[in-house]
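> Keeping their order, the protein sequence lines are chains A, C, D, H, G and Y.
Counting from 1, one number per residue, gives the positions in the first sequence under this note's numbering.
Counting from 1, one number per residue, gives the positions in the second sequence under this note's numbering.
Counting from 1, one number per residue, gives the positions in the third sequence under this note's numbering.
Counting from 1, one number per residue, gives the positions in the fourth sequence under this note's numbering.
Counting from 1, one number per residue, gives the positions in the fifth sequence under this note's numbering.
Counting from 1, one number per residue, gives the positions in the sixth sequence under this note's numbering.
A couple of the hints might just be wrong.
Label pairs and their calculated CB-CB ranges [said to hold, decoys possible]:
(1) A/Leu127 <-> C/Asp65: 51 to 59 Å
(2) D/Leu289 <-> Y/Thr22: 47 to 55 Å
(3) D/Arg249 <-> C/Lys311: 54 to 62 Å
(4) H/Glu8 <-> D/Leu4: 55 to 63 Å
(5) Y/Leu37 <-> H/Leu11: 27 to 35 Å
(6) D/Asp162 <-> C/Asp65: 16 to 24 Å
(7) H/Phe6 <-> D/Leu202: 42 to 50 Å
(8) C/Leu4 <-> H/Ser5: 18 to 26 Å
Listed next, the stretches of chain A that the computed footprint assigns to chain C, with coverage defined by at least 3 CB atoms under 8 Å from CB atoms of chain C [to be verified]:
(9) 8 to 17
(10) 119 to 130
(11) 254 to 267
It should be emphasised that the hints constitute simulated quantities derived from the structure, not laboratory data.
Glycine residues also receive a C-beta, built at the ideal position from the N, C-alpha and C atoms.
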Amino acid sequence: MEKLLLLWQSTGLANFTWGQALMIGVGGVLIYLAIAKKFEPLLLLPIGFGAILCNTPVAGIGGPDGMIGMIYHVGIETGIFPLLIFMGVGALTDFGALIARPSTLLLGAAAQFGIFATLLGAIALNLIPGFDFSMADAASIAIIGGADGPTAIFLASQLSPDLLGAIAVAAYSYMALVPLIQPPIMRALTSESERQVKMEQLRHVSRLERILFPFSVLVLCVALLPSAAPLMGMLMFGNLLREAGVVDRLSRAAQNEIINVVTIMLGLAVGSKLSAEMFLNVQTLGILLLGALAFCIGTATGVVMGKIMCKVTGGKVNPLIGAAGVSAVPMAARVVNKVGLESDHHNFLLMHAMGPNVAGVIGSAVAAGVLLALVGG
Amino acid sequence: MEKLLLLWQSTGLANFTWGQALMIGVGGVLIYLAIAKKFEPLLLLPIGFGAILCNTPVAGIGGPDGMIGMIYHVGIETGIFPLLIFMGVGALTDFGALIARPSTLLLGAAAQFGIFATLLGAIALNLIPGFDFSMADAASIAIIGGADGPTAIFLASQLSPDLLGAIAVAAYSYMALVPLIQPPIMRALTSESERQVKMEQLRHVSRLERILFPFSVLVLCVALLPSAAPLMGMLMFGNLLREAGVVDRLSRAAQNEIINVVTIMLGLAVGSKLSAEMFLNVQTLGILLLGALAFCIGTATGVVMGKIMCKVTGGKVNPLIGAAGVSAVPMAARVVNKVGLESDHHNFLLMHAMGPNVAGVIGSAVAAGVLLALVGG
Amino acid sequence: MEKLLLLWQSTGLANFTWGQALMIGVGGVLIYLAIAKKFEPLLLLPIGFGAILCNTPVAGIGGPDGMIGMIYHVGIETGIFPLLIFMGVGALTDFGALIARPSTLLLGAAAQFGIFATLLGAIALNLIPGFDFSMADAASIAIIGGADGPTAIFLASQLSPDLLGAIAVAAYSYMALVPLIQPPIMRALTSESERQVKMEQLRHVSRLERILFPFSVLVLCVALLPSAAPLMGMLMFGNLLREAGVVDRLSRAAQNEIINVVTIMLGLAVGSKLSAEMFLNVQTLGILLLGALAFCIGTATGVVMGKIMCKVTGGKVNPLIGAAGVSAVPMAARVVNKVGLESDHHNFLLMHAMGPNVAGVIGSAVAAGVLLALVGG
Amino acid sequence: MTEISFSELFLEGLQLMGVGMTIVVSFLILLIGVLHLVAAAVRRWAPEEAAPEARPAFPQGTGAVNDRRLTAAITAAIVQYRKRRRT
Amino acid sequence: MTEISFSELFLEGLQLMGVGMTIVVSFLILLIGVLHLVAAAVRRWAPEEAAPEARPAFPQGTGAVNDRRLTAAITAAIVQYRKRRRT
Amino acid sequence: MTEISFSELFLEGLQLMGVGMTIVVSFLILLIGVLHLVAAAVRRWAPEEAAPEARPAFPQGTGAVNDRRLTAAITAAIVQYRKRRRT
Ligand code: NA
Ligand code: NA
Ligand code: NA
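Isolated chain A (complex conformation) (with noise of 0.2 Å):
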């Protein structure tokens, strides 16, 4: 039968190629892990059944005129999906511990060496055959580092469309593995004595100090970094709907409605940028490689500099905060608060290891800035 022929011709089976079945099995995985594993499973979850849906053959899913490749044009092109969820990490996020130390800013910016390093990593793999990273994929690579998904979405898709697949699961894997991945190096860098250190308590943040805040990170980034505009300014946005105390009903908005539904689009969205072709070669196994290598010298870097700030207190910052500083808010901050629990059970630094923790967040965006002014140009 004609018929019959034609259908088989359509079925799957006839038209798969190797890799889009290995890649069906690289969406099954990433599902697993949000699952199973609890790894970031609000991204992880739908990018690993977007990678699924945009690997099935004949369908065309993730295509120009598929359902999500149509999303990917209108969300991810565009930079507004990473934007609206970085709006509503603003309107989600708690700026008070930092606004009561803003010291613990040096703590963010220092984690985000880390980025920086990558970068040179990144091309110095170039040295290696069957890698060849332009200077574009490496600042898009290397913002791995900076521990933040939208973040890294965002400028990926502006800057190396083709890598936002390997970078985006290589910034929630990593993300997750922040427990595993952490301990050791705070514990090979600090003393039991620092880690011991006692902070004092933070100081009241009054509500007017709350609102000022998003003024003032935007201020500057308005004059001297426009490039981070798009980035801070939607996150201060979210944060100013949060603190304003007028407009709640937007900033639940914001922390609720528009985070889940862009959350769900942007993750089947990234996921159809998870093609063979894209995904299963060297360089992504080069990006997975980095991005370990990006937490791990960002969580060094951040330490030390808790280091110097203990030296140079004369004792009144426990070094441990400064892991706290690649950002992966608010596990960093828990990370930090269980590995100075182990050398004190009656320290808890949670709190305070969330000034770095939210610091770390506006130090990627400003990177983020850097990046795109000097690369993306």
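Here the structure of chain A is known, so what remains is to put chains C, D, H, G and Y with the ligands in place on it, guided by the hints.
Okay, now just chains C, D, H, G and Y with the ligands, sitting in the frame of chain A:
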């Protein structure tokens, strides 16, 4: 006054065609059915209102520059709205009864015969002068027998956009009429003793099985019928969000925010296809007739398959539950329960009918995939 | 270092124009008014923030490839955002007081004189050098007198997009200033005894009447003024969702999710029209002046009509409620209540003022339709 | 745009004011009529029987009574408790 | 479209019916097999211990009563305990 | 793209690292300054009077205790009330 003349020429009264006036009446009837008769009000009310707005003369609300025309272009031409609704349906559906008793899939399969018989019926109508259905038209009409609104809208938007309005109206109207259409057929085809058959309680379904279910369906679909992958993929994605247990935020967004907002937009947009030239013709009569036929045949073949399963299992299956195989979740299952109670006041078939009921959703998505693959090429 | 120079050239400081800096200040003032003075914060806060972001040099956030520029293109140029907000307003509005006493529509009609008088005023301003308002500009400015944000934004986006920023700011600012603007006029035009008039309690309105109301308005609108059909249609659609009683899911979506999300986007997008060249000119001063005029005249004619109705009915209508006819729901009705209480501590006019108040919404939608039909051609 | 003299524009504006205001008022007067007609029709053909769905001030009916009793009991308990604590 | 005779179209429709129904049935029979396999695999390698998360058929039923009674009992106990402590 | 030698690229990368890190650190140090200024300004011109809206570190603190006691009292009352009704 020249101004007044200009204004008179811009009134609706000066520009009305009979067709528009009649279609506004049709819109009013749909809203009446939605409110007074509770005929699928979530869809028919917006569809009816959309019809009124889009048949307003001069305003061009359904045209390429009008609000509803743009919504149609973005959401229905692309297929995105029905797919998002299908995601929500997946997040709202409990497939437990089907997982506990997979054999009920046979009932869901049998009931799809209504679709294919109607396809032939639509072609046969071409013998009557005035009808000129192409194969694509016939397929779009036939899918009404799937008793599944978003599937029907998706298929019609891809194969026969001109018939979309009539098909959507027929599909939702008959779904609302299930309690009237099905019982006589069910009673005519079964004996009193068959209707009294008691079924074993369903076994417990573990969380792991619930999580693996979407993948079982998806893998088969990807391997064998990629053309059904968009529909089935979104249905199973929604269900995975529901069952994963780690992404409740997203599951709630799919079940509420997304499905509600998209339902409003989808309804208005479908209404824009209720124009006089597309709706006020003999073809619409044919569609309404064929739609009723499709429901009746689907119910009948479902019940007949139920009788066969009853025989084969030695009386372990109540044939009535076959009627639920047309889907129309959960209305058809409730009808089964009600008809069953008439014969035995202690025989609650509701849970047993949920299996074929949700099987019918999968069955008609498969049927839609087949039609897309064979006709849509 | 060449890189540093490149970077300096990319800073905001190196690229600021005076206009941009000033407009960022304007944005700050709007946010200040929103937070500290509670001036319509739901709109003015996003508008102010949008103004800051879109006046950031280099970044181009409001440009055709920038996030807010794209949101403007999709949501405001098409008119979709104000229409969606109008749907939400409809779902939030209880027209019961108007249905119980239809004669209050006269008050809603009279208050629209503010619109048409301002139209003439805008044209008259052309006599002063520096002003050059076209008829379309004049109409867009005049609609500020409608005291209805989404209507003003809708009309301006269709007729005079360049003036949109100033018009939106003026409209929302004056709506916030209603408690200051209206009372002196109301007191000046009424006598103490008029202000003490007690009104009969409103009759009970049945559910059926509430359901039929949207159709009454819609049918008139479709038949006589199709150019108002988009605005009026969405307002009445939202109200029908509310009153139908069978689509509560959709009603809640219109009242919450949709209106909140769209308000954020709309505000940011309107902010993109607050650029120096469009805002920092004498025309904006004219618009602010004319807007205040429009509010004053509308209040006055509303009250005068109230006095006429008071005479005609032999003292059954308190003239104060005429002031509520400008709309600005529910602020104007509260102002009426407050001014009434000053003259008689036991005379609560709130419910009686709700009738003219919601009549004012309908009235200005009609006025917008007239202006679109006569000027927009 | 072609050059339009001010007086022309102003005249057009005047006309627009007249026509516009006329339409707004006529439209709303018509609407008054329609609403009265609808109200009369509803009263005649579909009157609500003793307003069955009129929403009472205490919407939960007998439940409210129970609730009120409960509230009374609870409040009494609280008062008792407070007294005991103070002593 | 090219002119297609009715009989051709009808024959094609018949074919489509046969092929389509075959596929739907085959697909769902395959799915039955897969679901049985999955169920067997789960039973074998990942059985739930005594169904810890089994949801009872009437979740609010007797449980609710128990809950309320329990709460009452517990709270009464706490009150008693507090009293004793104070004295 | 034009052919770029590895060493050129690496040098550019080094430069980028230097410049980038400098900017990040400078930006955040500037921000530290600004935040201190804002804090000082707020303390000076808009101090909160006795921190009326200060949120306590343990928001549920003593209130929770009270709440729990209250709940106990209330529930006891309900139990009593129910018993009385039944008899
Ligand atoms: Na970071
Ligand atoms: Na079905
Ligand atoms: Na108004």
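> Could you run down the list of hints and mark each one as holding or not?
Hint check results:
1. A/Leu127 <-> C/Asp65: 51 to 59 Å: Given a distance of about 57 Å, which is inside 51 to 59 Å, the answer is holds.
2. D/Leu289 <-> Y/Thr22: 47 to 55 Å: The hinted range 47 to 55 Å holds for D/Leu289 and Y/Thr22, with Cβ atoms some 50 Å apart.
3. D/Arg249 <-> C/Lys311: 54 to 62 Å: violated, 43 Å
4. H/Glu8 <-> D/Leu4: 55 to 63 Å: Once the Cβ atoms are compared, 60 Å apart, the range 55 to 63 Å for D/Leu4 and H/Glu8 holds.
5. Y/Leu37 <-> H/Leu11: 27 to 35 Å: violated, 59 Å
6. D/Asp162 <-> C/Asp65: 16 to 24 Å: Because 20 Å falls inside the window, the suggested range holds.
7. H/Phe6 <-> D/Leu202: 42 to 50 Å: holds, 48 Å
8. C/Leu4 <-> H/Ser5: 18 to 26 Å: At roughly 23 Å between Cβ atoms, H/Ser5 and C/Leu4 fall inside 18 to 26 Å, so the hint holds.
9. 8 to 17: That given contact holds, which follows from 6 residues of the stretch 8 to 17 of chain A lying within Cβ reach (below 8 Å) of chain C.
10. 119 to 130: Check failed, 0 qualifying residues.
11. 254 to 267: holds (count 6)
This entry does not satisfy hints 3, 5 and 10, going by the numbered hints stated previously.
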